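Chains as they are written, first to last, in the UniProt record's numbering: chain A, 1 to 963; chain B, 1 to 317.
Think of the hints as simulated: they come from the structure by calculation, not from any bench. Since this is a predicted model, take the numbers as computed values, not measurements. For each residue, glycine too, the CB sits at the ideal point set by N, CA and C. None of the hints are false.
Computed beta-carbon distance windows for the label pairs:
| hint | chain 1 | residue 1 | chain 2 | residue 2 | range |
| --- | --- | --- | --- | --- | --- |
| 1 | B | Asn38 | A | Val641 | 40 to 48 angstroms |
| 2 | A | Ile632 | B | Thr58 | 33 to 41 angstroms |
| 3 | A | Asn631 | B | Ser53 | 28 to 36 angstroms |
| 4 | A | Glu96 | B | Lys61 | 55 to 63 angstroms |
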Amino acid sequence: MASDSDSDEDFVSYGTPLEPLEEDEPLKKPVPLHEQTVKDEKGRYQRFHGAFTGGFSAGYFNTVGTKEGWAPSTFVSSRQQKAEKHHVRPEDFMDEEDFGEHGIAPKEITTSQEFSSGRRDEIREKARAVNAQAALIPGDTLLEELIAPARLSIGVELLRRMGWKEGQGVGPRVKRKARRQQTDGGSRVYGCVLPPAGSEDSEDQDDDEEFAPEDVTFAPKDETPVDFTPKVGVQGLGYRGLDPGMALLGRGAPEHIDLFRPQSEARSRLFGGAQRGSRRGGVAGQAFGVGAMEDDDDEEVYHRDSMSRYDTVLGGEEPGDGLYGWTAPQQYTKKRDKSRDASYLGKILEGFTLAQKPADEKTIFPPPDLPRDYRPVHHFRPSVDVSVLSGVSPALAEALRASRGHMVKEEEPQQGGRHQLDSGRRRTLLGEDALQGPSSVMELLRPEDRQRLLNLRGSSNVPSTKTTFLVSHDALQPAGRSAVGGSASCGLQQDALAAWKGVQTSSQTFRPFEKNPSKQARYELYLNRLKQGDKDALEQSLDPAVTEWERSRERDEFVRASILYRPSSSSLSSRFTSARQQEDEDSVEVSRDQEGDVDDKQAAVNMKMFGKLTRETFEWHPDKLLCKRFNIPVPYPGSGVVGLPKVKRDKFSVFNFLTVTESRDSSAPPNPPEPGKRSRWDVSDQKKREEEAKKNDPLSELLSAARNQTETRLEQTSVPALPAPPTSSRSSSQTPDQRTEEETKSEEKREEEEEEEEEESRPPMDLFKAIFAGSSDEKSSSSSEGDSNDEEDVKDAGEQPLNLFNVASSSVASSSAVASSSSAVSSSVAPGQQTAAVSSLNSTRHIKEEEEEEEEEEFGPKLPPPSAASLSTEKARGGATSLTEEHKPRKRSKEKKHKNKKQHKHKKEKKKKKQKKHKHKAKQQKKSKKEESDSEDDGGGAGHVSTEELLKRLKHVRSHETW
Amino acid sequence: MAFPEPRPQLPQLPQHLLKTLDCQQGAVRAVRFNADGNYLLSCGSDKSLKLWSASRGTLLKTYSGHGYEVLDADGSYDNSQLCSCSSDKTVILWDVATGQVTRKLRGHAGKVNCVQFNEEATVILSGSIDGTVRCWDTRSRRFEPIQVLDEARDGISSIKVAQHELLTGSVDGRVRRYDLRMGQLHVDFISSPITCVCFSQDGQCTLSSSLDSTVRLLDKSTGEMLGEYKGHKMKGYKLDCCLSSKDTHVLSCSEDGHVYCWDLVEGSLSLKLPVGKAVVQSLSFHPTETCLLTAMEGRVQVWGAEPEETEEDTVAT
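The following block holds chain A by itself, in its conformation from the complex (with noise of 0.2 angstroms):
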C-alpha cells in the first residue's frame, strides 16, 4: 500500500497497488511482450494507433482513420470561398485524459496571475514584442496592452511596483524582528502589529539575543486592522462561541480576554503566527470534555477563568513596550516625528520624490448646535390650490398636492429643484414631443362620466377645478346636439361626432367593412372627416351612385360602427403597440344549433307538457373512436367533426352586435335564475349537510348561478344570429358531404309531409287579407332579398323606431352579400329617383321610409311564407291564438287520463300498447318534429322574432295537430 492509515490524507496514492508477496507462492511467469494489453479506465481494450497516429487512444472511441472517425481536414481556399483562418486552440485536439491528472494540459488548480508574484515575465514579453512585428499588422499588440483591463487597484499596484509582496506588511524592512515577534508570540499582544519606529527601537535592545546577520531584514508583518464590527446578539461582552479553529486544533483558553479584538487575533494566527499547542483532533474547547481516545488528559477541561487575565485599569497599559493598543495610541502619535516616519524608503518609483512639507491635516468640524426648541418633527406647508395652476391636468394636479404637499408655480419652474418639474415639464425643458394619446386616466372616460366625476369631486372639494379641456366637451355638446333635429339617427350622429372629434390617432385598427374596399374606404373618409369635426361627415363621405334607400342603409351602418368602435378604444391603443401580424381568424366557432328559448321550455314544463315542448334533438357526432369500443357504425362516416357541429361566424361583423339589443328589447328579460337550479349538493361532510341545506355552498352556488346568466345571455344573443334561410337549403348547402342519401330520403318525405302540415295548419284565407290588407302597403321586399326581411320590417315597422339597433337589422341584410344584391337593385331603379333621395339627404327616418315603400310598389309585394302568415295571424288576432292556448291543456289532461287507464290494465299489456304506442309516436315524432324545426326555422327565418311570438306559434301548430 503506498500509504498508512495515519497519512491517509496527506498523500494521494497513483496506480495499483502490487498484490503482496506470498513467501510459499510460485513465481509468477512474467507476461510475454505481445500478451500485454492496454485497457482503459474502464477496462476496454485499447487498440494501438501508432505512436505518431494518436497512440493509444486516438479520436472518439477510437475511430480514427476509420470511416466515422476524425481525418485532418485538407487547406482548400478558393476566390469565391476564402478560407477561413481557423483558431484552433491545441484543447481542441485534447480528449479528457488529456485533460486528467496525468495528461499533457492537466486542469488543476494553480495560482491565477492575480495572486502571482508582480515579476514581469521578461522572456513573454519580449516573445510578444516579436510577434507583434512579425504580424499582419505590425504592433498588432499594442492595442490589446493599451487596453488591458485593470485588475489591481493603484494603489495595491503601486505598492508591488516598491517591492511589495502579498502578505507582506508594508513599511521598511526590519532586522531579525519578525523571528523576535514569532518566539514571544505567547505573550500579551493587543492591537496591531508593531510600526517600524517601535519595531526600530526595541531592535536595539534584544540584539544580542539571537545571531542575525546584519543584512538580512525582514519585512514586518502585515496588519490586520481594527475591527469595529458592533456587537451583535445578547451575549456579555468578550463571548466568542466556539471557534472552529481553536476548538479543532485544541488550543486551550488561557489567554487575555481582549475586548476590542475578538477575531482579529484568530486572524493573525491565519497570517501565519506561531504554531503551539499539541495537535489534536476533534472538537475541543470551553464546556467540551475530553474524549474516551484523547490521550492527553492532563488538559484542562473545564475553563477556569482568573481575575490576572483581566485589566482591571482602564488605560493602564504601559506604553513603553513598543507595542500598539487600542488603548494607548495617543503617546506614540506624540514622540514619533513624522519626518522620520517619512524618512522610510523602500523603492522610490520614478517619478516620485518624498514629500518635504507633510500633508495638511484635516479639518474636521463639528456638527452645528441645535436650537434649545428645536423638535425634530416637519410639517408640510399648507397646500396651494390648483386653481391656481393652470395648464397642468386637474388629476396631475390632485396627485402632485398628495404627494408632495405644495406644488410650484408655472411662472418659476427652475426655482424648483428638477424633483418639482412633472414630467411634462421636464419634457418640454428637454425638448422632447409631446407624447401621444392622452395623458391622464380621466382623458379616457367618456366625457360625460368624466364630468360626473368632476362633479362629485367638486361638490365635496375645490369647486374651481374645472379645466379648459372640459369645458370645450361641454360646449360641443349642446352646440352639436341644437344643431340637428331630434331625430334618433341624427343624435346618434352627434355621439359619433363628439365621440370621434379631435382624436388624433390615425392608426385605425377597426376594419368592419373591410370585405367590401370602397365601402370601408368610404368608412375611413366618415371617420376622417368625423375627427375633423364636420357635421355633415356622414352626407359627404357617402356614396352619391347608389340609391337613398342604400345610402340611408349605409348611413345607419356607418353611424353604428363609429359609435360601437368609437375611439375610446383607439385612444388606449395609443398605449399599446398593434400586433405586427394580424391573426387569420378572424371567425369565431358557434355551434350550429342552439337550444331553444328556456321560457317557453319552462312554461310547458309548467304544464307538465312534456314531449315535444321540451324535447329539443340535435344532430351529435360521436368520436370515431368511440364507436369502435361500442361496437357500432359511425353514424356519420365521412364527418371529422366531432360533438355538435359548429359553424364558422365573423368574429368581427357589426351584424353580431347589431342584433343583440334587439333581441333584449322584444322579449321579456331574462328570467333570475331560480334558486332551485344551483347545484347544491357539494357536501363532503355528513353533519355538514344539515347545515348547508339551508345554506349552499357559495362557491357553486356563484358559479351556477353566473353560468345561468350567460346562458340566458348566450341563448339570446345567438338565436336570433342564426343564418335564415330554411332548412332543407340549409342542411343541403352547409353539410353537403355529411349528408348521406338515406337523409335526403328523409328530407324528402318529411317535406311532402310538411306541405301536408303546411295545408292542414293554413288558416283560412280572410286572415291572410286581414294581415296584408294592413302590412303589404306599409312594407314588402325587393325581390333579391330574403323574405326574413320583410317579416323584420313588418315587425319593426310596428316597434319602437328609436331602438337604434333594430334599425340596423330591419334595413341592413345579413352580410356584405346583401351590398352587391342592392347595388344590383339599385342599378335597376329609375335614375329619377336617385337624384330625388340626393336631394333629401337629411331626410328623416319618416322619409326614408316612404321612399322604401315607392320602392316596394315598384317590386311589387311577394306573398310571405304561409308559417309567417300565420304568425301575423296570430299577431293580428291575440285573443284567438290565446283561446287556443287555453283548450289545449284541459285536452292534454284528458288524453293523459285516458291513457293512464289504459295502462291500467296490465303490465304486459301495457308493454305491448307502449311499443305499438312507440311506434305510433315515433310518427307522430316525426312529424312534430318536422313540424316544430319548421317553425323554428320560421323563427330563425324571422331572424327577430320574441320568444313569446314563438311559444304561440309552437301552440298554435300544435292545437292544429291534435284537433
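Following the hints, complete the assembly by docking chain B onto the known chain A.
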C-alpha cells in the same frame, strides 16, 4: 303440457331488512350492485372503496388510492375491473383481484359525480361538476379522453349507459340522451336540477329525479311524460332513484329517511320503507332479484322481499 301457466306472482317489494353492514369508511356516498348482483360496492367518504359479498355481508377487499371521498363506482360486466370516481377529480380503474390501480384518469376540472362502464367495459364514462362527460378508453394507454361531451351548462349529476345510448342528468335541469348509433342528442328539459337518471330495464323509458321532489318517467323516444311520482323529499341532496328489476316499481331515496316505492303504472305509493333517521343517500336495486341496497350515513342495508328466517323455513318444509 296440460298444466296451466302459473299465475304471475304479485310483484314483491324489498320490505324486510336482511342485513346491515357497518362499512367503517365514513359516510357511504354510494352503494352499487355489481353486474350480476352477487357483490356490492360501497363508496366511502374516507377515500376508500369497498367490495362486499352481498349474500354473506363480508368485506372482501378495500381499494384505496383516491385522494378524496369516493362518489360513485361501477363494476365491469366480467367482474374483473372496477371504476370509481372521486372528489379529487380523478377516475380510477381498479383491478378487482389485486386491488391495484390500473389507471388513474385525470382531466376533469371538478369533482367527478358519477361514473359508468359501458356494456363491454371498453369505455368509462364519467360526469363531473365541471359540466363535462368524459369518455375514457380502457383499452389504450392514452390518458386523454376519447371524447368530451360538454353540452351541459352545469354539473353532471348522473350518467347511465345502455347499449349504444348515454343518458346524462345535469344540474341545468336537462336530461340528455346521446344516441351513438343515430348520432343524435336529445335534450329533455325538466327545469329542476336533475339528481339521478335511469333507463328502464326494457330500455323504452327514462327515469329522472329532480330537486323539485319529483321523479318523472319519460318516454325515451318522444320525451313525453308517462308518470310522475311525488311524496318524497328531495330538495337539496343528490339522491338516487331507480326502477325495480322487473320495471314494476319506481324507487327513490328521500331526505326524510325513507325509501319511497311507487307503482310504476298507477303512480301510487306502494311502500314507504323506513330506513333510518338521516338522509337515505344512495340505493341500488338488484339486477334480477327483489333485493335493495340502501346507504345511510356509514351503514349499508340490504333489503329483501322476505325475511331470511322464514325463507329458510319454507325451504325446510
